[in-house]
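Per this note's numbering, the very first residue in the sequence shown carries number 1; after that it's consecutive.
By construction, these hints were calculated from the structure, which means they are not laboratory data. Hints should not be assumed to be uniformly reliable.
To be verified - Calculated cross-link-like contacts (lysine-lysine; reagent style DSBU-like; alpha-carbon spacing at most 35 angstroms):
id, residue 1, residue 2
1, Lys188, Lys18
2, Lys188, Lys164
3, Lys164, Lys18
Unchecked claim - Simulated DEER-style distance windows between Cβ atoms:
id, residue 1, residue 2, range
4, Arg592, Arg405, 44 to 50 angstroms
5, Gly176, Arg141, 26 to 32 angstroms
6, Asp124, Glu70, 43 to 49 angstroms
7, Gln552, Glu412, 52 to 58 angstroms
8, Gly176, Glu320, 27 to 33 angstroms
9, Ala73, Arg141, 31 to 37 angstroms
This structure is a prediction, so every number in the text was calculated from the model and none was measured. Glycine included, C-beta positions come from ideal geometry on N, C-alpha and C.
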Amino acid sequence: MDSRFRYRAILSYSHADKAWADWLHRRLETYRLPSALVGREGPFGPIPARLAPIFRDREELAAATDLSTEINAALAQSMFLVVVCSPAAAGSRWVNEEIAVFKRLHGEERVRAIVVDGEPLSGDPATECFPASLRLRFDARGERTSEPAEPIAADARRQGDGRKLAFLKLVAGLSGVRLDELVRREQKRRNTRLVALSAALAALVVVLSVLTWDALRQRNAARLAQAEAQFQRDEAQGLVEFMLTDLRQRLDAVGRLDVLEAVGERLSASYARQDLSRLDADALGRRARVQLLLGEIESTRGNLDAALSQYRQAAATTGELLAREPDAPQRIYDHAQSVFWVGQVAWQRGEADVARQHFTQYHDHARQLVELDPGNADWQMELNYGLSNLGTLAMDRGDAVAAERHFREAFEIARALSDAGPDDADRMITTGTSLAWLADALLRQGKLGAAAGLREDEIALYERWLAGHPADANVRQLLVDARSRVAQIHLGLGRPDQARDDASLATALADGLLAGDPENIEWVDRASLAHAVAGEAYLHLGMHDLARASLQRAIGIAEDFVAGKGGLERSRSLTSTQPRLVLAALHAREGRTTEARSLYADIATRYRDDQAAGNRLYPV
């Protein structure tokens, strides 16, 4: 640490927030930065191994007339000031005075904030959490002005970043380490612990396998051995079915791609050791589902080439099985899944003709299933998906009226299924996504009010579910998207305040998801969009510093992930284009015409490249 400073930071807080200050002081003093980062040159000098010491005043100042000599000395000797923000802090004379003294000594740039209660920039004394000295800039003479300072704060509230992500944001601000790098290093720490646990479990499996083998070896009765082998085969197939259904749903819900991948690879290796010619049709169908599972995981990580290889292998198997039994519902269903995923990769790559061919085939298979058994809820769900795919294709070719027709039919199916099974997560999610697609079709027709109403219905649906299932990562990511989209509609309706509020909720949720799994492309897309919309809302409100920070974060999330991953033309084109356009508009508004022209030229070049490559999936 710079020899001018005795403390890394000083905590400024109201004693009404003592519990928060206790927690924050303890966590900051004991936190160790990842060893791979220590010593690297950062914006505040070499990155330290620890952030200690952190100064914290433990005495009440209510009866005093001035800050104590000790506090004034600590303010002078601290590299950073950390303000614990709440309505109590905003109303505290001493918190305001500490901020003012620190800014006069060190300027504005080294003040950090963490929100623990109240609302930032609410303007209501009962809820405002930012002290006036934090909200306003100071001039060269050290006097507080009326110019807004636009503070950027970590938000430890439950509806904000939550304690975990807020703490990491604060660590990033005090150490000079980028937040995304810090999150990745923390994830690596957790993965290391998981590997150790997995090794222990693997050792246990080996021991049990040896014991089982030894027991079987001692069985010398052929009849008993034959019966045992049949039992083991039945048990193995039952285990495969469990892994592909119940276990997968549970891992999906908590976003554990790593564990899900390990399950899929173990199953795939098991099938690789078997003679496929001796497997019956059901076993081959399960093998194809394992390949689809592995393909989905690769796709979620952005590895589209690897995903497509798995999908095509599965399609070859399911196509052969369907040719043998063309009217068997299970064979139709299995092949429909393979066809869909091959089409999905084509859609992600912008290969519209290939996507249309496979999505249409998938829809036709779903219709066939419903005709065979109209009362089967699973087949009705497949038809919902098929109609949604056709609606998506219609949107891509600019036919929003046809898209609305497909999406309305899909929504009616989803609503009926959800009414019949209100506790079914898949049905609830299908209803929500059907509302989302229908809202998009109306929005494309200029029906903003109706689209906003459908998005609000979607948000209410997800929030009701999360009230009883707060750990459901799938629904949280859908809520991020819904909040971001309704914020965009509010901007179109001239409601920037509402847009900012919805976008802020979306960014907090999205950053929490991304911290848990930075390799999940769905969460990357959601987080980038949320920050882009937040940036646009801040631009409309004239908060340029906040707008710039949000837009740069949106671009960074998208481009850091896409770098080095092949086949992600659509994600590259769409995910980073919106924040770039808004950032260019911000440059233009600030009179920075050179930067604005450069960004517009880059966007135009990317667009032309994508058009030449056959990517027609830009919004119309």
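Hint check:
Pair hint Lys188 plus Lys18 holds up; C-alpha atoms about 33 angstroms apart against a cutoff of 35 angstroms. The hinted pair formed by Lys188 and Lys164 meets the criterion: a straight-line CA distance of about 16 angstroms does not exceed 35 angstroms. Of the pairs offered as hints, the one joining Lys164 and Lys18 holds, with about 19 angstroms between alpha carbons and a cut-off of 35 angstroms not exceeded. Roughly 45 angstroms separates the CB atoms of Arg592 and Arg405, a value that falls within the hinted 44 to 50 angstroms.
In this structure, Gly176 and Arg141 meet the distance hint of 26 to 32 angstroms, their C-beta atoms being roughly 29 angstroms apart. Distance hint check: the CB atoms of Asp124 and Glu70 are about 34 angstroms apart, inconsistent with the given range 43 to 49 angstroms. Distance hint check: the CB atoms of Gln552 and Glu412 are about 43 angstroms apart, inconsistent with the given range 52 to 58 angstroms. With their beta carbons about 58 angstroms apart, Gly176 and Glu320 fall outside the hinted range of 27 to 33 angstroms.
At roughly 23 angstroms, the beta carbons of Ala73 and Arg141 sit outside the given window of 31 to 37 angstroms.
Figure legend: structure checked against the earlier numbered hints; hints not met, in rising order: 6, 7, 8 and 9.
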